Amino acid sequence: MGAGEGVGLTLDTTAGRAAPPARRRRRLRRGLATPALLGLPFSWLLLFFVVPIAIVGAYSVDVFVLFPGPHHFTFTPWRAFFSNGDYFPLFVKSIEMSLSVSAVVVALAYPLAYYLALSGTRRKYILLLILVVPFITSYLLRVLAWKVILGSQGVINSFLFWTGWRAEGHPLSFLLYSRFAVMLVLAYVWLPFVALPIFVTLESIDRRLLEAASDLYASRLQAFLRITLPLSLPGVVAAFLFVFIPTVGEFVTPSLVGGTSGYMYGNQIVDLFQTGFPDWETGAVLSLFLLAVILTLTLVFVRFLRAGETRTA
Amino acid sequence: MEGEPFDRRLSRADMLRLAALAAGAGVVAGPTAAADAAVTHLTKESGQLKVMDWVGYVNDLPHHATYAAYLKKYPHNKPQFTHMASEADALGKFHAGAHPDLFRPYVGWVKYFAKSGLVQPWNPKLIKNFEHLNPFMVKAGQYKGKQYGIPDDWGFDAILYRKDKVHPKARSWGLLFDERYKGKIAWFDDITMIVAAGLYLKAKNPWNQTSAELDRTVNFLKKKIKLTKLLWAYESDLWQAFRGGDVWIAYAWPNDWVTMKKKFPVVYMRPREKPIAWVGMFMLLKGTPRPHLAHAYVDAWSSKKSGKWLEDNYGYGHANTQARPSSSQLLRALQLTNPKAVTLPNAYLDRDIPQRPLYAHLWEQVKASG
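So the sequence lines, in the order shown, correspond to chains A and B. Counting in my numbering, the first sequence runs from 1 upward without gaps. Counting in my numbering, the second sequence runs from 314 upward without gaps.
Honestly, the hints are just simulated from the structure, not real lab data. In this text, all values refer to a predicted model and were calculated from it rather than measured experimentally. Be careful, since some hints might not be right.
Using C-beta positions, here's what the derived DEER-type ranges look like [claimed, not checked]:
1. A:302 x B:578: 56 to 64 Å
2. A:72 x B:517: 33 to 41 Å
3. A:72 x B:518: 31 to 39 Å
4. B:523 x A:292: 34 to 42 Å
5. B:578 x A:297: 47 to 55 Å
6. B:388 x A:52: 38 to 46 Å
7. A:164 x B:665: 50 to 58 Å
8. B:484 x A:159: 35 to 43 Å
9. A:142 x B:539: 25 to 33 Å
10. A:305 x B:529: 49 to 57 Å
11. A:67 x B:529: 23 to 31 Å
12. A:159 x B:665: 48 to 56 Å
13. B:523 x A:108: 49 to 57 Å
14. A:142 x B:665: 40 to 48 Å
Each residue gets a CB set at the ideal place from its N, CA and C atoms; glycine is no exception.
Okay, chain A solo, but in the shape it has when bound (with noise of 0.2 Å):
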């Protein structure tokens, strides 16, 4: 018998009698164990994710103005926004580099992940380890070590000179200060954090499918694409939108290895907030815009997920 059937047992001697004290408090204590638990995250996102949203939203249209005077509600930052013909390709350009960064990144960490998951190596989680360990230093010097390697005088540069491949005097200048230089380094950044979702979505398949498909004699090529990349989408997903989301709002990557051509959206919005004039208005739209198009994103990203299961069920 097990444990379930001697609960069950003992609902069923004590019903139509009035629990005892013992089991009443044992049961308030579960109808208040949920609330407990889920109250401090609640309260944690309500006070800091979804006041501030408000705050800021409430600066977009005007409710709240950083000038004290006269203020009343009004859509006009909004209309700016969307009439104004010089955010829409900063943000289109943007979404582009985020896009691509995550692409490449994916497709990078999933032989990494895969090998670490299905390989069967006895050294996985040192090998993870080794991935994880320049993550033990500052996100700013990481960033900071590819000015000195992607400069016109850097390691790049200096080993084609050497090499004789570039002319002295010549060096590759697309390395730093460009669109490329965001882009490599937000790709470095961003890399384990996409393996390691990979990695346990990998870990988790139950190896009889691929012992199964191989006594039905399903090539290796034919396993991986009908049974492990699909079970393992959700965490490419998810890897996917664990780069997506923060790099699409990026400025402090650009901001150091960007120059003029990597300048981005996340940019843009923290200069309207403090360079030249404070314009907490225009900002404030900004960053509400960057966020529903992110949320509309993953909204889409879930669903084509969840049809994916649905399919592979």
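Given the structure of chain A, go ahead and fit chain B onto it with the hints provided.
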């Protein structure tokens, strides 16, 4: 009375005590001692002096040499610093609740802050070194006859270039827009670029351009921004790019020239359209609880010794006309013996931009198009 410094903080009893002290001390030792006595009395102000200053100064610890006299006088009241990334950043922080005792915007913002009601005038009588400050810069710190800004560091916005790589066609701001050096140019990430481009394009008043002029200037900048490698907001970013050979031409300050000439053959070119001169102005926040400590701090900054230190270590000029740097090159470059160095016919002194929000908005559009 509106605009009078410190009156909010002084009770009638304080005023009587101050008057008695000043009178007594004045009889004994003359006016200077009276001011000292007044300051001594009134510096029983509580709390640490709060200074909002530029990141470059705050992060550079040796810069405490510029207020060494203050530290000597008040060893137990070291200033507590907070950062300002720009005047706009400071303005946003004030409206968001920050309240330092003093901060340092540049001369173009004096009128804006004076009109904003966020600051109060200084009392020059409490700044002993005030009499040695450059009168043109002192005047630039005034609004409606009151001394809202105490001048301190100053310099020029001009063009720095490597003479081994760059051969300008003319001594002009046009070098920043020269197609021959695509990918080797750095602009300053500030609305002053609209002013510099306005000077180059011969706008009637680059600080207050008409709509047509602004359209032309902004379109010009949007077209030319493709030539730039970098828009620098912090000098350290410019130095890294310059040192690394990524940039050969830059909108720059004297300090950048002093720093770069240690490594490269560089020229700090004064364009024929004239450089833009800037002067740092200490401003006193309205209702500050430590006005006299703030005056003592600014007095320390205004000394000849501090001025020399600043010139030697930063390559900036100092408003104290007695301060002289060790380098004769810097002396010449900044024309430190010329009291009118920052004004016409030598340079345009930076000034109020009446359409500042519009300029800022347009500058953001220029950057977005990069």
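Just to be sure I understand the hint, the distance between the Cβ atoms of residue 388 (chain B) and residue 52 (chain A) should be within 38 to 46 Å; is that true here? 42 Å, holds
Range hint compliance [Cβ, residue 523 (chain B) to residue 292 (chain A), 34 to 42 Å]: 37 Å, holds
In this structure, is the beta-carbon distance linking residue 523 (chain B) and residue 108 (chain A) contained in 49 to 57 Å? With Cβ atoms ~53 Å apart, the hint holds.
In this structure, is the beta-carbon distance linking residue 72 (chain A) and residue 517 (chain B) contained in 33 to 41 Å? 37 Å, holds
Regarding residue 302 (chain A) and residue 578 (chain B), is the given constraint of 56 to 64 Å on their beta-carbon distance met? Distance hint for residue 302 (chain A), residue 578 (chain B) holds at roughly 59 Å.
Go ahead and decide if the range 48 to 56 Å is satisfied by the Cβ distance of residue 159 (chain A) to residue 665 (chain B). 51 Å, holds
I want to verify a distance hint. Is the separation of the beta carbons of residue 72 (chain A) and residue 518 (chain B) within 31 to 39 Å? Once the Cβ atoms are compared, 34 Å apart, the range 31 to 39 Å for residue 518 (chain B) and residue 72 (chain A) holds.
Given the hint of 50 to 58 Å, check if residue 164 (chain A) and residue 665 (chain B) actually sit that far apart at their C-beta atoms. 56 Å, holds
Just tell me: holds or violated, for the beta carbon distance of residue 142 (chain A) and residue 665 (chain B) against 40 to 48 Å? 43 Å, holds
May I ask you to test the hint 35 to 43 Å on the CB atoms belonging to residue 484 (chain B) and residue 159 (chain A)? 39 Å, holds
Does the Cβ distance between residue 142 (chain A) and residue 539 (chain B) fall inside 25 to 33 Å? Between residue 142 (chain A) and residue 539 (chain B), where Cβ atoms are some 30 Å apart, the hint holds.
Hint says 47 to 55 Å; check whether the CB-CB distance for residue 578 (chain B) and residue 297 (chain A) agrees. 52 Å, holds
Hint compliance for this structure: no hint is broken.
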